[in-house]
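K.L.:
Could you put together the complete structure from these sequences and hints?
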Amino acid sequence: MSLFEKLKPVFWKDDHASGLYKQLFNYRRLWKETALISVVIVFLPLVLLTAYEYKVTKATFESEALARSTRFVAKTRRTESFLLSKKRFALEFIIHDNTYEQLLQPERLTALLENLNRGLGLFADLGVIDATGVQRAYSGPFHLENADYSSQPWFKEIQNRGIFISDVFMGLRNLPHIVIAVKKTLPDESFYVLRTSVSIERFTEILSNEQTGEVGDAFLINHQGVLQTPSRYFGDILTLAPLDVPEFSDHTEGYQLTDIGSRMASISREGGAKPLPAEAANGTLVVSYAYVENSPFILMLVSPKDELMLQWRQTRMKILVFLSCAVGMILVVLLGVVTYLVNAIYAADQKRVMMLHEIEYSEKMASIGRLAAGIAHEINNPLAIINEKAGLIQDLFFIKEQYKQDTKLLGLIASIVSSVERCSVITRRLLSFARQSDANVTRINLRKIITEVLSFLGKEPEYRSITIAIDIEDGLDDIVSDKGKLQQVLLNIIKNAFAAVEDGGHLAIAARKAKDGQGVELRIRDDGCGIPPEDLAKIFEPFFTTKGGRGGTGLGLSITYSLISEMGGTVRVTSEKDKGTCFIITLPLTMTANKG
Amino acid sequence: MKVLLVDDEEELVVTLAERLSIRDIDADWALSGEDALRMAADKRYDLAVLDMKMPKMNGLQLKVELQKQWPAMRFIFLTGHGSEEDFEAGASEAGDEYYLIKPVNIQELVAKIHASFDAGEA
Numbered sequence: 001m002s003l004f005e006k007l008k009p010v011f012w013k014d015d016h017a018s019g020l021y022k023q024l025f026n027y028r029r030l031w032k033e034t035a036l037i038s039v040v041i042v043f044l045p046l047v048l049l050t051a052y053e054y055k056v057t058k059a060t061f062e063s064e065a066l067a068r069s070t071r072f073v074a075k076t077r078r079t080e081s082f083l084l085s086k087k088r089f090a091l092e093f094i095i096h097d098n099t100y101e102q103l104l105q106p107e108r109l110t111a112l113l114e115n116l117n118r119g120l121g122l123f124a125d126l127g128v129i130d131a132t133g134v135q136r137a138y139s140g141p142f143h144l145e146n147a148d149y150s151s152q153p154w155f156k157e158i159q160n161r162g163i164f165i166s167d168v169f170m171g172l173r174n175l176p177h178i179v180i181a182v183k184k185t186l187p188d189e190s191f192y193v194l195r196t197s198v199s200i201e202r203f204t205e206i207l208s209n210e211q212t213g214e215v216g217d218a219f220l221i222n223h224q225g226v227l228q229t230p231s232r233y234f235g236d237i238l239t240l241a242p243l244d245v246p247e248f249s250d251h252t253e254g255y256q257l258t259d260i261g262s263r264m265a266s267i268s269r270e271g272g273a274k275p276l277p278a279e280a281a282n283g284t285l286v287v288s289y290a291y292v293e294n295s296p297f298i299l300m301l302v303s304p305k306d307e308l309m310l311q312w313r314q315t316r317m318k319i320l321v322f323l324s325c326a327v328g329m330i331l332v333v334l335l336g337v338v339t340y341l342v343n344a345i346y347a348a349d350q351k352r353v354m355m356l357h358e359i360e361y362s363e364k365m366a367s368i369g370r371l372a373a374g375i376a377h378e379i380n381n382p383l384a385i386i387n388e389k390a391g392l393i394q395d396l397f398f399i400k401e402q403y404k405q406d407t408k409l410l411g412l413i414a415s416i417v418s419s420v421e422r423c424s425v426i427t428r429r430l431l432s433f434a435r436q437s438d439a440n441v442t443r444i445n446l447r448k449i450i451t452e453v454l455s456f457l458g459k460e461p462e463y464r465s466i467t468i469a470i471d472i473e474d475g476l477d478d479i480v481s482d483k484g485k486l487q488q489v490l491l492n493i494i495k496n497a498f499a500a501v502e503d504g505g506h507l508a509i510a511a512r513k514a515k516d517g518q519g520v521e522l523r524i525r526d527d528g529c530g531i532p533p534e535d536l537a538k539i540f541e542p543f544f545t546t547k548g549g550r551g552g553t554g555l556g557l558s559i560t561y562s563l564i565s566e567m568g569g570t571v572r573v574t575s576e577k578d579k580g581t582c583f584i585i586t587l588p589l590t591m592t593a594n595k596g
Numbered sequence: 001m002k003v004l005l006v007d008d009e010e011e012l013v014v015t016l017a018e019r020l021s022i023r024d025i026d027a028d029w030a031l032s033g034e035d036a037l038r039m040a041a042d043k044r045y046d047l048a049v050l051d052m053k054m055p056k057m058n059g060l061q062l063k064v065e066l067q068k069q070w071p072a073m074r075f076i077f078l079t080g081h082g083s084e085e086d087f088e089a090g091a092s093e094a095g096d097e098y099y100l101i102k103p104v105n106i107q108e109l110v111a112k113i114h115a116s117f118d119a120g121e122a
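In order, the protein sequences belong to chains A and B. Residue numbering for the first sequence follows our numbering, starting at 1 and increasing by one per position. Residue numbering for the second sequence follows our numbering, starting at 1 and increasing by one per position.
Don't read these hints as lab results, they were simulated from the structure. A hint or two may mislead.
Subject to a maximum C-alpha distance of 30 Å in a straight line, what follows is the list of computed DSSO-like cross-link-like pairs (lysine-lysine) [to be verified]: (1) Lys43/B - Lys53/B; (2) Lys389/A - Lys53/B; (3) Lys483/A - Lys448/A; (4) Lys2/B - Lys43/B; (5) Lys32/A - Lys6/A; (6) Lys68/B - Lys389/A; (7) Lys408/A - Lys389/A; (8) Lys53/B - Lys364/A; (9) Lys538/A - Lys364/A; (10) Lys75/A - Lys86/A; (11) Lys389/A - Lys2/B; (12) Lys513/A - Lys483/A; (13) Lys400/A - Lys2/B; (14) Lys43/B - Lys389/A; (15) Lys63/B - Lys43/B; (16) Lys305/A - Lys58/A; (17) Lys389/A - Lys400/A; (18) Lys389/A - Lys63/B; (19) Lys13/A - Lys32/A; (20) Lys351/A - Lys6/A; (21) Lys58/A - Lys75/A.
Okay, the calculated bits of chain B under chain A, using three or more residues with CB under 8 Å as the criterion [unchecked claim]: (22) 55-64; (23) 67-75.
Glycine included, C-beta positions come from ideal geometry on N, C-alpha and C.
P.N.:
This is the structure:
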């Protein structure tokens, strides 16, 4: 049996009777409609609220993730800018603290380079260039004395701006460097420049900070989009990054980038850049950037959105689990309540149908009773006349010797009188069925009354070897009812049972407390021929008989039915052809007077 | 013993009277309460057998009227309304009156008449 079969409520399989006993509702449909309406009413606000909350929470998490990314970029930009500024200010200090002549002294220049490296580190060389662009003094690993920079663009730029920071380049030592140069203008409008090469090792270190996350990538590009530091995924140093150069802004900015997988194919990875994980390449990337002040660098931080939203995904999972549990529980309770309510309506409706049925049956019985009484009374008069006339003929025959000897005539008269007698039995029974006699209510012991009734039936069971079992539940109280009526009821049913069973058959009479505790239930079961289903509904109707010409008036069970009704009880019959019949009589413990 | 039979069914009452006469019971008959009262005014009857249901004056009303004239008169009522239980119980008895159910058994009626008369004599 499936789970549904087990949980299926009673009304689910019920057919919808038609006609007078039609149920008020189609219960299956009622259940479905009620369940649907309840679910919609309960879940619609819940779903809408959850959807709204989901959206708001997601937006909050998203903005928080972006803010985190932006904060990182802003902080790193300050650090990078500070590093550059330190080196620049050191040069500014040296150029203003020393005279041109002092700087031209090789020992002095070498001492200054050493001091710079001791204090700030990563300075590769130091050179002094005059206004013509020729390097007049140089301290460093290369022989760059007298090198001529007059034609180089940076030398022109420094004349205008007084400061120059170059893009990253691979120096003679094949290490990434930048050049920082500062200018000092003398009172006679002539100038000279202090120039140094600085390794970018520290800049790279800051960017490879763990804060960029599992797949986040922070790097510097110049204004042409060329990578100035190594990148984890976007190519090697000094190659073109597959990202557009962002618009200039004083502040840290951010934007989102989708589906850059195709752009990633052409980038150089000889220097160790890894391929971007597929889910990041095909998903959305969050790019935060900032222009580093007084430098040609743009700081970029590229993070896959999925990673930034990891916390959101975890929260979302919790929300979904909670929501699923809540929905499940509400659904179970809701369906349980709907089933309970529909079941209650169904039970009430069933009761109504049964009562309607019973009322109709009682009405029918009462009408038939009135009709029967009328007919019986009207027939009794002509019957009485026939009776008297035939009786008179009989009397006369007995008086006159001539007829006294005529056995044939006497036989005919006797037959008329006996037929009248038979008719009068029928009319008396009809009147019995119809009459509303006063109840003779008394205390009745069930075992005693059953034994009494069986004794009325004489020796029939003994002659026919019918076994009778009487089973009265222990502690069953006496009932207060109409003894005469109960006797007649038992007599009728037991007589029918005797007629139904074969010789050697069985009859079981059992009495026990009714299920509701308000009465007693009498079961009279035989193992006789049974009642065909088509007859079962008619057996309580007057004149319904299966005994044909064998003396049945068809009134016994209809009288039984009305007597039980008068006693405030009910009677049901179950029967199976060739297996037997069971009459189930329920009587109140105490018969109320108005039922009589 | 003088018996007055009252029933609106002429065929019944005439035949019944004749059958009682055969059994040495002097019975007159009437078809209505009014006729019965007229007859009872002229003649004394010891016992009246009355049908319960008659037009204009029923058996019980007639009994009251007859008793006014003849307080010692005995009564047997005939009814078409008896049921099987009444029949099995041998008809109802209320005080010194008898109720018999139609159709009546003549022997029973005769027995009741005698019983009633004996009770009246006692």
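K.L.:
Any of the earlier hints contradicted here, and which numbers?
P.N.:
Those not satisfied are hints 6, 22 and 23.
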